[in-house]
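Residue-level listing of the chains:
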Amino acid sequence: MIWAAFTSEWTKLKRKTLSLSTFLGLAAAASLFVILMFSQASANGGIVTLHQLARPNGLVIGVARASMLLGVVAFGIAASQMASEYSLGTLRQLLVRQPRRASLLAGKMLGVITFLVLALCFAGVVAFVVALAAAHSRGVSTSAWFTGTGLGDLFRELGDLALATIGYSVLGLVIGLFVRSAVFAVIIGFAWLIAVENIITRIVPSIQQWLPGASITAVASGGVEGVGYAHGMILSVVYVVVAVAAAMAVFLRGDVTA
Amino acid sequence: MYRTGEPPGRSLAVSTAGLTKRFGDRTVVDNVALAIPSGSVCGFVGPNGAGKTTTIRMLLGLVRPTSGGGTILGGSLAEPATYLHKVGALIESPAFYPQLSGRDNLKALARLGRIPLTAVDPVLERSGLLARAADPYRSYSLGMKQRLGIAAAMLAGPELLILDEPTNGLDPAGIVEMRGLIKSFADDGITVLVSSHLISEIEQICDQVVMIRAGRLAYQGSVAELRATQQAEFLVAPEHDADRDLLAGLLRQAGCTVTPGKAGGLLLVEAPGADAAGLNRLSAQHGITLRQLGERTRSLERAFFALTGTKSADVPDGQEMGAIR
Numbered sequence: 423m424i425w426a427a428f429t430s431e432w433t434k435l436k437r438k439t440l441s442l443s444t445f446l447g448l449a450a451a452a453s454l455f456v457i458l459m460f461s462q463a464s465a466n467g468g469i470v471t472l473h474q475l476a477r478p479n480g481l482v483i484g485v486a487r488a489s490m491l492l493g494v495v496a497f498g499i500a501a502s503q504m505a506s507e508y509s510l511g512t513l514r515q516l517l518v519r520q521p522r523r524a525s526l527l528a529g530k531m532l533g534v535i536t537f538l539v540l541a542l543c544f545a546g547v548v549a550f551v552v553a554l555a556a557a558h559s560r561g562v563s564t565s566a567w568f569t570g571t572g573l574g575d576l577f578r579e580l581g582d583l584a585l586a587t588i589g590y591s592v593l594g595l596v597i598g599l600f601v602r603s604a605v606f607a608v609i610i611g612f613a614w615l616i617a618v619e620n621i622i623t624r625i626v627p628s629i630q631q632w633l634p635g636a637s638i639t640a641v642a643s644g645g646v647e648g649v650g651y652a653h654g655m656i657l658s659v660v661y662v663v664v665a666v667a668a669a670m671a672v673f674l675r676g677d678v679t680a
Numbered sequence: 010m011y012r013t014g015e016p017p018g019r020s021l022a023v024s025t026a027g028l029t030k031r032f033g034d035r036t037v038v039d040n041v042a043l044a045i046p047s048g049s050v051c052g053f054v055g056p057n058g059a060g061k062t063t064t065i066r067m068l069l070g071l072v073r074p075t076s077g078g079g080t081i082l083g084g085s086l087a088e089p090a091t092y093l094h095k096v097g098a099l100i101e102s103p104a105f106y107p108q109l110s111g112r113d114n115l116k117a118l119a120r121l122g123r124i125p126l127t128a129v130d131p132v133l134e135r136s137g138l139l140a141r142a143a144d145p146y147r148s149y150s151l152g153m154k155q156r157l158g159i160a161a162a163m164l165a166g167p168e169l170l171i172l173d174e175p176t177n178g179l180d181p182a183g184i185v186e187m188r189g190l191i192k193s194f195a196d197d198g199i200t201v202l203v204s205s206h207l208i209s210e211i212e213q214i215c216d217q218v219v220m221i222r223a224g225r226l227a228y229q230g231s232v233a234e235l236r237a238t239q240q241a242e243f244l245v246a247p248e249h250d251a252d253r254d255l256l257a258g259l260l261r262q263a264g265c266t267v268t269p270g271k272a273g274g275l276l277l278v279e280a281p282g283a284d285a286a287g288l289n290r291l292s293a294q295h296g297i298t299l300r301q302l303g304e305r306t307r308s309l310e311r312a313f314f315a316l317t318g319t320k321s322a323d324v325p326d327g328q329e330m331g332a333i334r
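Keeping their order, the protein sequence lines are chains V and A. Final position of the first sequence in my numbering is 680; the numbers increase by one with none missing. Final position of the second sequence in my numbering is 334; the numbers increase by one with none missing.
If you're looking for bench data, these hints aren't it; they were derived computationally from the structure. Check before you lean on any hint, since a few could be wrong.
[As the list claims (entries may be wrong)] Which residues of chain V face chain A? A partial, calculated answer using Cβ under 8 Å:
hint	residue
1	Val518
2	Arg560
3	Asp677
[As the list claims (entries may be wrong)] Calculated from the model, a selection of chain V residues having no Cβ within reach of chain A, i.e. all distances over 12 Å:
hint	residue
4	Leu435
5	Asn466
6	Leu472
7	Ala476
8	Asn620
[As the list claims (entries may be wrong)] Restricting the straight-line Cα-Cα distance to at most 30 Å, the calculated cross-link-like pairs of lysine-lysine (DSBU-like) are:
hint	chain 1	residue 1	chain 2	residue 2
9	A	Lys95	V	Lys436
10	V	Lys438	A	Lys271
11	A	Lys192	V	Lys436
Please read these numbers as outputs of a predicted model, since none were measured by experiment. For glycine and all other residues, C-beta sits at the position ideal for the given N, C-alpha and C.
Using the sequences plus the hints, can you model the full thing?
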């Protein structure tokens, strides 16, 4: 049942406009951060030094810093995919063909998550190529990137980004389900992740470690100031589980009048 | 006038008892007991807001009944998964992904319902969309969108088709086309439940009818039986307008109910037990020659108004009077 819903969702997701804009958009965002990182790096200081970029983890610094942007994009796409089922009225068609609502929701969520994780992996590959070119243009040695440590850092970072993408996607899907309007879902998500959490953190810094966006960002970046990796991971899992449970409860019981 | 229960000799595709839906304090569907025979084409009639769509949504498992239940194709209404694989539905306006082609939209639904993808092209062909199957849904005309909705409903090879306002927004040619499609489904032995607020439309394609008003069942049974309950009505006009009052008096004496028409010497005559020949004979016996004598069609619209005691704003005035035959 879930597989049927998953393959059905992919029939929709793989349409040219959506797949191209998602894959290229995420790749462009990741590449932009890498280019900015290398172009702004200097020998003595700034955001990052050329020396830091030549270290084994130099390759992943740029991508890790782009994690918030990548997450926001993933959130927006996931939210709009779910909300549009309500606004287009397609949900009623889907439920007639698959009345087992839990299977339908699970399959849809898995479809969107795998789509976004694949897009993220594609963005990682493109950012890697861009980083190689940027390193060459700035005279940064890349030999340390290809050591065991460097490749380990790379795959660990990609794994963390994938986990964060899952977190952002699930939250996006759930917000889309509750709000039922693609535009409002995206606005609410963006406003929360970009503005509201920042304002709250500035007013009450100690609360940062309990916020969903900060927790997932900590996972994506291997931990950030104020939120450790393990803490962020545990809290993100809690947020995701609670969000999925709430979505299931509403989706299973709710009347479909759209 | 109100009839429920299983018609003799026919099993029921849809059977409900006490079906009720409340949204807050508002009761939208109130204690509805449907009995739709298998193989019939059943019209589901009522004004806008009568509760047709909510009833249909309950039958399709989209809306949970507040109380009551029933069976559809032998499966319990409480467990839609037990029967929906045998049901096709078009609910209100067709809803598809605008950027996907008609074919890909159907493929998405086929995959979801675990229906072989080989079923897609035949239903596209039957609905006359095969030539445009690769075009994006957003480029379709309203009629084509409606036909894709029908194709989607046919995808599972249904035993029961539920069509909610399938002619909405269609031009006259599209309506005729849709009527033909629905008749062809009936010829294939599929039970069809088709809702509309246009009673005259239902009258042309259905053998059974369910009438609903303010969430309550007003009538269900065969169209022929309902039509037979209607008193014969005639439009009568004397050759000379000056004879109108005399003729009206004669008809009233004969037990008819006479209503003067707006045009010329026209009279609308309700004549229980009489026929056109009888009216003609009566007029001739008193030296009045008729220039017009016609029996009005015993339309479902009149039956509907009689049953509900109201005149619906949803039925155009021009259709209300029916046709003279």
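Quiz item: Going through the earlier hints one by one, which of them does the structure break, listed in rising order?
Solution: Violated hints (numbers, rising): 2, 4, 10, 11; every other hint is consistent with the structure.
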